[in-house]
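J.: What follows is the residue order along each chain.
There are 4 protein chains.
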Amino acid sequence: MNQVRVGAIGCGYWGPNLIRNFMELPTSKLVAIADKKPERLQQAKTWYPGLKVTANYEDLFKMNLDAVVIATPPATHFEIARQCLLNGLNVLVEKPLTLDSRHSEELIHIAEMNDRILMVGHTFEYNPAVLMLKQIIDRGEIGDVYYVDMVRANLGLFQRRLNVLWDLAPHDLSIILHLLGEMPTSISAHGGDCVLRGVQDIVYMHLSFPNNVIVHIQSSWLSPRKIRRTTVVGSQKMVVYDDIEEERIKIYDKGVNPPAYTETLEEFHWSYRNGDVVTPHINFTEPLRAECQHFIESIINHTTPRTDGCNGLRVVQLLEAAERSLHNGGTPEYLTSTLDVAAVGD
Amino acid sequence: MNQVRVGAIGCGYWGPNLIRNFMELPTSKLVAIADKKPERLQQAKTWYPGLKVTANYEDLFKMNLDAVVIATPPATHFEIARQCLLNGLNVLVEKPLTLDSRHSEELIHIAEMNDRILMVGHTFEYNPAVLMLKQIIDRGEIGDVYYVDMVRANLGLFQRRLNVLWDLAPHDLSIILHLLGEMPTSISAHGGDCVLRGVQDIVYMHLSFPNNVIVHIQSSWLSPRKIRRTTVVGSQKMVVYDDIEEERIKIYDKGVNPPAYTETLEEFHWSYRNGDVVTPHINFTEPLRAECQHFIESIINHTTPRTDGCNGLRVVQLLEAAERSLHNGGTPEYLTSTLDVAAVGD
Amino acid sequence: MNQVRVGAIGCGYWGPNLIRNFMELPTSKLVAIADKKPERLQQAKTWYPGLKVTANYEDLFKMNLDAVVIATPPATHFEIARQCLLNGLNVLVEKPLTLDSRHSEELIHIAEMNDRILMVGHTFEYNPAVLMLKQIIDRGEIGDVYYVDMVRANLGLFQRRLNVLWDLAPHDLSIILHLLGEMPTSISAHGGDCVLRGVQDIVYMHLSFPNNVIVHIQSSWLSPRKIRRTTVVGSQKMVVYDDIEEERIKIYDKGVNPPAYTETLEEFHWSYRNGDVVTPHINFTEPLRAECQHFIESIINHTTPRTDGCNGLRVVQLLEAAERSLHNGGTPEYLTSTLDVAAVGD
Amino acid sequence: MNQVRVGAIGCGYWGPNLIRNFMELPTSKLVAIADKKPERLQQAKTWYPGLKVTANYEDLFKMNLDAVVIATPPATHFEIARQCLLNGLNVLVEKPLTLDSRHSEELIHIAEMNDRILMVGHTFEYNPAVLMLKQIIDRGEIGDVYYVDMVRANLGLFQRRLNVLWDLAPHDLSIILHLLGEMPTSISAHGGDCVLRGVQDIVYMHLSFPNNVIVHIQSSWLSPRKIRRTTVVGSQKMVVYDDIEEERIKIYDKGVNPPAYTETLEEFHWSYRNGDVVTPHINFTEPLRAECQHFIESIINHTTPRTDGCNGLRVVQLLEAAERSLHNGGTPEYLTSTLDVAAVGD
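Chains as they are written, first to last, in the working numbering: chain A, 1 to 346; chain B, 347 to 692; chain C, 693 to 1038; chain D, 1039 to 1384.
Watch out, some of these pointers could steer you wrong.
[Claimed, not checked] Below 25 angstroms or equal to it, Euclidean Cα-Cα: the simulated PhoX-like pairs (lysine-lysine) are: (1) D:1264 - C:918; (2) C:754 - C:737; (3) A:45 - C:744; (4) A:226 - C:918; (5) C:737 - A:45.
[What the hints assert, rightly or not] Computed Cβ-Cβ distance ranges for the label pairs, DEER-style: (6) B:673 - A:26: 46 to 54 angstroms; (7) C:1020 - D:1075: 32 to 40 angstroms; (8) C:966 - B:590: 44 to 52 angstroms; (9) B:620 - A:64: 44 to 52 angstroms.
Hints in this document: simulated from the structure, not taken from any laboratory.
Just so you know, even glycine gets a beta-carbon here, dropped at the ideal spot from N, CA and C.
Given only the sequences and the hints, what does the whole structure look like? Please build it.
T.: Structure, rendered in structure tokens:
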């Protein structure tokens, strides 16, 4: 295989970035795009005159492609991905993988049956700052993880059918599963549908993980400031990862130690640690570039991608559980282990 | 009455600030302090050699005082305040008023029976930035309030018996009741007891208010950064009040308008507003000074203070409801109107 | 003229941005590029397969072009621009126009003789924030301008033959001439050649303008932080324009009023004003796009561009004066009015 | 000597801080204050009823004092300090020591003749952040110092007779002499008298030190923001000390290395280093407390204080040279070694 021949389905907000990356990678070549909107096809032609374009994605099946990347509205992910897999293509789908976990499971099954790669575009798992954050946790530098607080907020972009949960939270859920390496045991979600009744534009999610680790995620389309911040508090140190700041990761040598004897003392003294703050240098490269490259390499080497279908499924399962809690006034949803990881395994 | 004669009970972390303020107000004079710790009394004597000091607060009852301010550990508030009121003193109690709402009700009752002032030290209701924020909301500048997000976090101060809810959340609850002027209909709370089992050091609270207004409060003793931030999102504008920033209040002329017709359009366009940001100048004066002055004036003029016993009771009721939800895994607690305001009225 | 046919000479650091903009403007078409480095030409071909490329810029003279944009090393500006003008092309030259003011004058002369447009790429004069800043000054909102403090600093990019003065200061000089609308009467410059002897990497420039307005410009290649900040202090208000902050322009209603009688008072009181801070919304568009569009429109309409040759000449004159002061240990250089504007006028 | 008996002369803006510190130090006791304004004396009595007060500082000479601290207007420093020394008192004078270097020399002489301590209140030399910054430089962590950029700006406080140079620059001059440990070889100063003719409210100072180290100091009373920032750029690392930020000192592992061969290459590549940023934890204590304590210890131990009269003299000499340059349009003033340090030695 000289260059992996890629087609792009959907060329709206995010599509052009995908096109550019597959175009610039030496190991791939973007040869065709499909989009229902003629003006988008025309725009793409002005950038890349050699591209084949079509309004009908099924035309791509006759172009001798190796792979497609799907960046259409989420509601169409399942059907398009299914068709592509059945037509022998390796598939990269934008997040969320599908809007129904059973659909995700079906895609995983079809990909396995047809021996094709199914990958989900959880970009943040290819973000150098997230990877560094995971290293910091894994090498024990911050001690036991106590809690993780995540905020993703900005003004817009509103969508008509999906609430903010399905739009913004997939990022944080994929990050937290990557960081902690396990599924939560329960989820509660509260939210508000401020602007358009029935479509939540602000959601707060609370997740309980094994070992008393708690995670809180705020997703908002209605914020005066753009915020992309993850705070990891551990028993030894604390880390703030802010995707907007120039100093993306800051490690605080701060903590509190409980007193040795708490029972007998009338008044007891905690010892606080307040040490240096370190901003490690991050060799930042475009996460989407790494993601596209990983997809191509998985095809060439015939290996399972890091963000495979199961990875995508788990995030969809969490979104579904959060959605149920949201509609039950915040009552916690308990996740059984069979529900989440086992269903994916075979 | 020339100068209101005040005694201070409790001279630990916060007490010296109270002493200084009552000392410097022209309308009051701090004449005595009571504290169980001899070193604190001694310290106070070095600042104010003329002070009477005692280890036993009941000694204050024989000193011809008009009022006392109680800044002892919260668990002792009820008993001390009760004794003071019964001995004819006007009483200012630090927040939270008591640890049990029935105790708050009893104090309110005793104060009424004895025709004495009962005031709670909800300092933020005397903070010029909070007062300005309320004006901004009340004059309709931000339109309908959609949601309010509040964060109060820092490293420590841990307490042995109280969790972070009872330590930090009273501030935010008193602020939000002040801003919205009504009680929530339900509360959910989630938290973690990271450092010491059984004592929550991180709590997330979700409150539903009438008219679909939602409020979220984060209280944390385990944060790498000190945060004191309230974000009010309205249908017309958004406001951030940050008590740590020099620009305490920023008004963002930002918002989103839903499209006129949402049913028939396949893809529809929201219009976003992105206008000026205004930082109004605040004539900032010490909130505690204003609080102490208000207490003294309420005594002199025989008027009900703004943060009276009922005000204190409402916050305690909310803390109790949050505590119940916290212990039920976040299940919402519904507040009946009889429970909260009515119980106070007669 | 359907579309203005543009050629680009030099395709290094800045060139690709110029190419993209002339490519995307509906009124222009970039048809050819010249660069001595084959790899750059090859790279450009991968983006725009239809482009003609050549290592020799004189080849462009046979391609029926209307205009060229020159983004080669500054030392080559004069000779290339001269050839292009003499060959009948309209010319946009990157800043600084030339390294010698007599060369700038000669280019101006040749352009006039040949009735061609000569424009210099002072991008900041097309920056919406700079334009707004000028409006704020011109409408008298800040009163009389007292002083302007400008800082442009970052780590690198070092150049071999030019010092930081010629690299970074042209931006600030073009901004300040635009804002104040007149030339300074004197310039002093101090600097250091920290990394490479003989090439200043840090320069401080002090300019005196008519009406006691003073301007200070710091240019640094050796700064731990990237800074792009202009502070304009007026008798009524103060403005900070920070090109890196999201809130690019902040207007401070701050000032000081001298006391009415200063002679007779032993101690006198200044009155300080401390009012609101306003961040006006800026409809930010890419300055380079506006610059390219202005160049094309000047050609089509046969009008003098805002940043014409004289504009470029004035900045070069100031750089020369600063350079002289720099080499005389900071001794002020006085600018005679005949030297600067008059030489350009006829 | 049980406790050093201290008197305070001048109880205006800064005086109360001095009084409080000498009152709270266990090794000293503030027994009397002198101030011409009755209301200040009265105010001081309300805080410390046991204080002796007088309008005439000469009364202090009869009170069996060991030392005085002088915080009167700078123009009076010389005469008051002289009287105090001649009356056998150890003397701490606020900065600047005097307004004339010959007066400083005379005070130094008198102190030596009378075997008394003469100390100047260069508070920043007792600031833990400045001390840490000096350690960072001295242990070679940042390599050779290339340049130091200092900014001290705010709105006000204007003074009637002194310009901003004499008000704010003493801080930066004392810091830089402390950091570099030597005197500059030349000074240039430029400024503006924006609000009141003849009284500079904005001054830029450029200092050349041995070994090509350059220092730039901006002093401004007319700034929309309060700034207290020192940037030290070295050959290995760069440090920003910001006295307003919570993270007072940040060490940037950044730099640039010149290419090995610069002669023969047409285009050559600098290598930039971009490493971690470290914010060392500073055990911050009140600088004024450390200063007062050092004064008392110098008296008790009969040792020369770190900020002795010669230290104060050097700052005055630099201010005088800057003032001369300021009045000569920025022409550099060259400092001869005999002028500065030698004059002090004998």
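J.: The structure should be examined with respect to each hint, and the outcome stated for every one.
T.: Here is what the structure says about each hint:
no.	hint	in the structure
1	D:1264 - C:918	20 angstroms, holds
2	C:754 - C:737	20 angstroms, holds
3	A:45 - C:744	19 angstroms, holds
4	A:226 - C:918	21 angstroms, holds
5	C:737 - A:45	15 angstroms, holds
6	B:673 - A:26: 46 to 54 angstroms	59 angstroms, violated
7	C:1020 - D:1075: 32 to 40 angstroms	50 angstroms, violated
8	C:966 - B:590: 44 to 52 angstroms	19 angstroms, violated
9	B:620 - A:64: 44 to 52 angstroms	46 angstroms, holds
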